[in-house]
Amino acid sequence: MPSRKNSARERDWIGGPQPDESPKERVDRELGELLEETRVVLPGVEILFGFLIILPFQFSEELTGFERTLYLGAFLSVSTGLALLVAATVEHRIRFRNLDKEEWLFRANRQMIAGSGFVAVGVVLTVYLVLETILGGMPAIVLAAVNAAIFAWFWLAGPLRRRSGARRS
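The working numbering puts the first residue of the sequence shown at 289, with every later residue one more than the last.
Bear in mind the hints are in silico, worked out from the structure with no lab data behind them.
Incorrect hints may appear among the rest.
[Claimed, not checked] Here are the in silico distance ranges between beta carbons for each label pair:
#, residue 1, residue 2, range
1, P311, A440, 20 to 26 Å
2, D388, G425, 51 to 57 Å
3, A433, L330, 42 to 48 Å
4, I429, I401, 24 to 30 Å
5, I401, T421, 28 to 34 Å
6, V328, S452, 23 to 29 Å
7, M426, P311, 50 to 56 Å
8, V328, F394, 16 to 22 Å
9, F384, L351, 42 to 48 Å
10, A375, E355, 29 to 35 Å
11, G320, A402, 17 to 23 Å
12, S452, F394, 15 to 21 Å
None of the values given here were measured: they were computed from a predicted structure.
From the three backbone atoms N, C-alpha and C, an ideal C-beta is built for every residue, glycine too.
Build the full structure now, drawing on both the sequences and the hints.
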């Protein structure tokens, strides 16, 4: 794949070093990007978590043992994902003015990635639970597997592929 030079506007979106940007400015910019991404992701995760909290109080007697296990897996995955997505913000507040920003930024990045993974697992399990309840059997398995493949590609394999391609060029 041929490499091409990015315009200034494109560089603003790809997150790489900016021209004439000091290391401190880069960390500050990347910190702002991370916090903005957190603001975008959290409402959806919180809404999903809220629905999962309500489920056992509405339908617990109607769930089979298998469906209860699916529900618990989804609930705990989303809960863990939510904890990881918020962890960096909480640490930032607790360690106010006593923080190595760059070291914290790398840790926060790893927490966001791990949190996103747990959320993806929780969403796929929730999708499977809904499909199992409505369709049952093989259609539920196939559609949930397609959903899992979509998450795996767009949230993991695709970005890793583009990342390794960017390193080669």
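Quick one: which hint numbers does this structure break? Sort them smallest to largest.
Per hint list: 1 and 3 violated.
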